[in-house]
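Asker: Given next are the chains, with one letter for each unit.
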Amino acid sequence: MTDVRAPEAATTDPGPPRRPARGSYGLVAWLKWGWRQLTSMRIALVLLFLLALGTVPGSMLPQEGADPAGVQQYYTSHPALAPLLNHLGLFNVFAAPWFAAIYLLLFASLVGCVVPRTFRLAGSARTLPPRAPRHLARLPHSAEYGTTLAPEQAAQVAAAVLSGHGFRLRRPDDPAQAWVSAEKGYLREVGNLLFHLALLGVLVSVALGGLFGYKADRLLVQGDTFSDTASALDEFHPGRLATDADLGPFTITLNRFTADYITTGAQRGEPASFDAQITYTAQPGGPSRTDDLEVNRPLSVDGAKVYLIGHGYAPVFRVTDARGQVVFDSPTPFIAGTTGNFLSDGVVKVPGAQPEQLGFTGVFVPTWVDVGGTLQSAFPAAENPAVSLIAYAGNLGMNSGPPQSVYELDTAGMRRLTAEPQLLLPGQSLKLPDGQGTITFTGYVPWVSLAITHDPGQVPALVCGIVALGGLLLSFMVRRRRVFVRARAAGPTSTVQVGGLARTDASGGFEAEFASLAAELRSAHSQHEE
Amino acid sequence: MPVNLALGHVSNDFLIAAIVIYSLSVVAFAGDFAFGRPRRADATARVRQARERATALAVVGAASVAGSGEGPQNRPLAGGDEALPAAADSMPELPVPPLRAISQAGPWIRAAMTLATLAVAAHLTAVVTRGLAVHRAPWGNMYEFVTALTCVAAIFFLFVMIRYRAWALGVFVMGAVVIALGLAETIIYTAAGQLVPALQSYWLSIHVTAMTLATGIFFVAAVLGVVYLAADRYARRIAAGRAAPGNGIMRRLPSTEQLDRLTYRTIVFGFPVWTFGVIAGAIWADQAWGRYWGWDPVETWAFITWVLYAAFLHARATAGWRGRRAHYIQLLGFASLMFNILVVQVFITGLHSYAGVS
Amino acid sequence: MFRTKRRAVVLVAAVITGALLVVVLVAGWATSGKRDVTDVDGNPSAVLYTTGHRPLAPDFTGTTLTGSRLSFSSYRGRVVVVNFWGSWCVPCREEAAALAVTAQQYAPAGVAFLGVDVRDTTASAEAFTRSFGITYPSVSDSGSQITLDFTAVVPIAGTPTTLVIDRTGHIAGAVFGQATYAELTAILGQVAGKAAAR
Chain A
0 MTDVRAPEAA TTDPGPPRRP ARGSYGLVAW LKWGWRQLTS MRIALVLLFL
50 LALGTVPGSM LPQEGADPAG VQQYYTSHPA LAPLLNHLGL FNVFAAPWFA
100 AIYLLLFASL VGCVVPRTFR LAGSARTLPP RAPRHLARLP HSAEYGTTLA
150 PEQAAQVAAA VLSGHGFRLR RPDDPAQAWV SAEKGYLREV GNLLFHLALL
200 GVLVSVALGG LFGYKADRLL VQGDTFSDTA SALDEFHPGR LATDADLGPF
250 TITLNRFTAD YITTGAQRGE PASFDAQITY TAQPGGPSRT DDLEVNRPLS
300 VDGAKVYLIG HGYAPVFRVT DARGQVVFDS PTPFIAGTTG NFLSDGVVKV
350 PGAQPEQLGF TGVFVPTWVD VGGTLQSAFP AAENPAVSLI AYAGNLGMNS
400 GPPQSVYELD TAGMRRLTAE PQLLLPGQSL KLPDGQGTIT FTGYVPWVSL
450 AITHDPGQVP ALVCGIVALG GLLLSFMVRR RRVFVRARAA GPTSTVQVGG
500 LARTDASGGF EAEFASLAAE LRSAHSQHEE
Chain B
0 MPVNLALGHV SNDFLIAAIV IYSLSVVAFA GDFAFGRPRR ADATARVRQA
50 RERATALAVV GAASVAGSGE GPQNRPLAGG DEALPAAADS MPELPVPPLR
100 AISQAGPWIR AAMTLATLAV AAHLTAVVTR GLAVHRAPWG NMYEFVTALT
150 CVAAIFFLFV MIRYRAWALG VFVMGAVVIA LGLAETIIYT AAGQLVPALQ
200 SYWLSIHVTA MTLATGIFFV AAVLGVVYLA ADRYARRIAA GRAAPGNGIM
250 RRLPSTEQLD RLTYRTIVFG FPVWTFGVIA GAIWADQAWG RYWGWDPVET
300 WAFITWVLYA AFLHARATAG WRGRRAHYIQ LLGFASLMFN ILVVQVFITG
350 LHSYAGVS
Chain C
0 MFRTKRRAVV LVAAVITGAL LVVVLVAGWA TSGKRDVTDV DGNPSAVLYT
50 TGHRPLAPDF TGTTLTGSRL SFSSYRGRVV VVNFWGSWCV PCREEAAALA
100 VTAQQYAPAG VAFLGVDVRD TTASAEAFTR SFGITYPSVS DSGSQITLDF
150 TAVVPIAGTP TTLVIDRTGH IAGAVFGQAT YAELTAILGQ VAGKAAAR
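Residue numbers (numbering that gives the first Met the number 0), protein chains in the order written: chain A, 0 to 529; chain B, 0 to 357; chain C, 0 to 197.
I should point out that these hints are in silico values taken from the structure, not numbers from a laboratory. The reader is advised that the hints may include incorrect statements.
Stated by the list, open to error - Straight line, CA to CA, 27 angstroms or less: simulated DSSO-like cross-link-like pairs of lysine-lysine: (1) K4/C - K430/A; (2) K214/A - K4/C; (3) K304/A - K183/A.
Said to hold, decoys possible - Which bits of chain A does chain B cover? Going by a derived footprint, with three or more residues having C-beta under 8 angstroms, they are: (4) 112-122; (5) 216-223.
Unchecked claim - Just the calculated beta-carbon pair ranges, DEER-fashion: (6) N398/A - V342/B: 49 to 57 angstroms; (7) L52/A - V26/B: 39 to 47 angstroms; (8) L24/C - A124/A: 19 to 27 angstroms; (9) T417/A - M337/B: 51 to 59 angstroms; (10) N398/A - A181/C: 30 to 38 angstroms; (11) L10/C - H164/A: 35 to 43 angstroms; (12) V203/A - V342/B: 44 to 52 angstroms; (13) Y74/A - R129/C: 17 to 25 angstroms; (14) T134/C - R414/A: 13 to 21 angstroms; (15) R68/C - I465/A: 48 to 56 angstroms; (16) Y185/A - A33/B: 43 to 51 angstroms; (17) I465/A - V9/C: 30 to 38 angstroms; (18) T75/A - R162/B: 55 to 63 angstroms.
Even for Gly, the Cβ is constructed at its ideal location relative to N, Cα and C.
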């Protein structure tokens, strides 16, 4: 009895695996049972749900990797809840062990399902389609017509037509029997398996990229140069198996940075374009090239990519100390706050001032406006720049102890020199009381922040993604289908019966394909009649 | 290049016209429900017989097949396309051309389809003129995105309706389109404007276009899923004896298997597009932000949506999870998609906050 | 037939896992246990390179804080202590006194001290040298190019870093991080000879 049911009827999940039979409670039996459970469709479904569910807190709560400041804020606003959430790993969901467990189990289930199916596919690719059934009229699609050809001849012609359409054929061993079996559509399963394996490839690529890649940041003031070496980077986060030696030996000079803003209309103040003109060399002593770094336009050099991430203003200060020496003359990057329009905060530390070290906290405003006594910025471009400073003198705490952030001033060992913040326009100076010195606001220059990243898993991940997409399309568009042709003698002529069946779920069109195949077979037979 | 505000206004006018004509088409579809000729959204009877045979085969094996058809109103609507020779011959029928099928479906459907086509034309014009006004692909903020995705949904659904003769579903999908556009106009309207530098990339055309297309397709699948659940609930109530099979609206809908299959095919169409959109988004993210995947909230929810639709596809192959449960999953996926667009992009700050909604 | 296929799969998986394990173990063994450095004072950040394993210091030229040109090749034949520092760097300020004293102590023996001023400006750097009594010259390396050249031969990870270069121009000792007087004298004792200190 040949099996003419729709192909792949047995790929639906038959139900949960049975427990081991009584008497076989050995460890191996339980492991086998566990493995069968894991690779069942049901568990795959559960794991998919868990994956989706587990991802949700990663989007609702601030995450350590992307928003560490937000995590701190969460601690302050939810003092009781935050430590509990931290224990559950909810502030770093995507690195949490429980999240890793979910996707690792899912991929184990995937591998356990895909590998046997690959073997099965290889096996079925070698076996022939089943014999043609006797009563083709009982198939979901059937056609019948007469022809003057002899049955064997009719079968021969049918075989030629079907073979021309790319079907794999089976002919009877006994030449007296006149039937043809044809099957097509193995690519569906190939596409399916390719898709799932490619997903595995994406996971491996992401892991490799994380292990061997790195991320680094550097703030660069206009006119300055920096070389890609660990001590010159502001932040350097190598993967577990990456080291300083993986940094490419390039050097970048920021010649000029321009930012254009929209000046009129509803979008006034929104950025229109950013452009950083740089000169770079790929290795020391190599030829220098120019480039325009923009958002969406990174620089590729030495296997790494350099991105323009942000920008800001660095007001230039000159400080003369009590002894009349110029002890500070440098642009100082100020960081934009959240109040908008690039109102920026910063700190000036002058450890070389004698007899007492000096420190200043300040606010830089690109377009300053006095709103009811508070300083605000009216526009992000530097149309009317000003700086407001508070001066301190004493011990900066820089001569010993832990390293300090250049953006924060520790006033514990200092006394405040100015009662009120002092506003300075470009060129103006602030004379400090008690003859402590002077600070002059000489001007400003822009700065950019650059991200330097290297991810060796990037291209493999993309390739796997594209292969996955290709496999997906293949598995959706190709149907597994079978067509049978049987010719019976009916007196001097023959009756030709054609039958076909396909998975009813698949993207439709088999009716149309069968109809046109039947019509083509019929016309081929009439052609051969002449 | 400066934004052409006049053309932006023209675009908005066309959109309003589209909303009006869509509403009229919804009225016409509803009129067919109330007053039109009773029929089921079906292909030829022969195909249904084929399916019945397939089901019988799968269950019983090589048992013989029951008779054909259900009654006079379910005879094939096609006239004699093929010249059938003597009685020994039986060839499968080639399908009826679409225009003839529309005209045979009755005056209400004729009117509804005409109006729907006009509305889609107006909608498409609105989207195109918006693009011309801002000199870029017109999906740079939420208003433009919703307008574009509903246009995709409408065009896709017109295609589905014509191919599968599924007139009865018109009222639901077009109705949903009207509601979505109404919300777009009133709540999230944004005047035509320039894009911030991070969005000034040709990847906008690729990534957001793909997401727009996929969302439009999933929109249709979601509406069909709701209709399926209603039809399935009704069928179960009939089976339990708690409802009479004569209910007017339900009787006109396609059978639950057909609805299920239609929804499945729609999602099968949309899922690769969504996958492509996510990949394109990752490539763009790498260009703009320095990493191809950073678990940004919008990225995360796009991933959740992908996983849920993947779960739907798996559920269809799992015993006990076909039918209602699979559709719940599919609707959950669409809900996560909507949550992503309406809540995450607007309220949760991240790198993706370009909704332009104040 | 299925049985043997499953066995084949299991066998292949086992072989691949075993091979991976072997590779990992060999790699780990190969990269550990460098026998070409010895620690100074028990501090793993202060090292002496054994003869034969001393990297060659790159040549460089730069501008000093006073504006004159300086070429490193002019120091050939002398022991040179190269100190990477910045006026903004707290550990640099902490070690400055030790460097100043050691420089004066070893000057009669002909040991030269040279500073490389990283990511700094002239005014702040001069204020630093004035404050701590640093009399030896420093070249300006605001673009970290000199640092980059040295990083090619020794793993300079941050500031401060102190390198001791022998008379043949090879790097004989290094302190990665803040240097103490004890570490500096211990290294110089080995490189310049015990009789050098007076």
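Asker: Evaluate each hint against the coordinates.
Answerer: These are the hints, each one checked on the structure:
1. Only pairs whose Cα atoms come within 27 angstroms are accepted, and K4/C paired with K430/A is rejected, the gap being roughly 88 angstroms.
2. Taken as a hint, the K214/A and K4/C pair is broken in the structure, with Cα atoms around 45 angstroms apart against an allowance of 27 angstroms.
3. Under the criterion of a C-alpha separation no larger than 27 angstroms, the hint pairing K304/A with K183/A is inconsistent with the structure, at around 47 angstroms.
4. Only residues whose C-beta sits within less than 8 angstroms of a C-beta in chain B count toward coverage, and the region 112-122 of chain A has 0 of them, not enough to reach three; the restraint is violated.
5. Only residues whose beta carbon comes within less than 8 angstroms of a beta carbon in chain B count, and the region 216-223 of chain A has 0; fewer than three means the coverage is violated.
6. Between N398/A and V342/B the beta carbon distance is about 52 angstroms. The supplied range of 49 to 57 angstroms therefore holds.
7. Checked against the given bound of 39 to 47 angstroms, the beta carbons of L52/A and V26/B, roughly 42 angstroms apart, stay inside it.
8. At roughly 39 angstroms, the beta-carbon separation of L24/C and A124/A lies outside the given 19 to 27 angstroms, and the hint is violated.
9. Checked against the hint of 51 to 59 angstroms, the C-beta distance between T417/A and M337/B comes to roughly 55 angstroms, which is consistent with it.
10. Look at N398/A against A181/C: about 20 angstroms separates their beta carbons, and that is not inside 30 to 38 angstroms.
11. About 41 angstroms separates the C-beta atoms of L10/C and H164/A, a value consistent with the hinted range of 35 to 43 angstroms.
12. Distance hint check for V203/A and V342/B: the Cβ-Cβ separation is about 34 angstroms, which falls outside the suggested range of 44 to 52 angstroms.
13. Distance hint check: the CB atoms of Y74/A and R129/C are about 44 angstroms apart, inconsistent with the given range 17 to 25 angstroms.
14. The beta-carbon spacing between T134/C and R414/A, approximately 33 angstroms, falls outside the hinted interval of 13 to 21 angstroms.
15. Distance hint check: the CB atoms of R68/C and I465/A are about 55 angstroms apart, consistent with the given range 48 to 56 angstroms.
16. Taking 43 to 51 angstroms as the suggested C-beta distance range, the pair Y185/A and A33/B conforms, at roughly 50 angstroms.
17. Judged by the Cβ atoms, the range 30 to 38 angstroms given for I465/A and V9/C holds: they are separated by roughly 32 angstroms.
18. Checked against the hint of 55 to 63 angstroms, the C-beta distance between T75/A and R162/B comes to roughly 58 angstroms, which is consistent with it.
Consistency note: the structure conflicts with the earlier hints numbered 1, 2, 3, 4, 5, 8, 10, 12, 13, 14.
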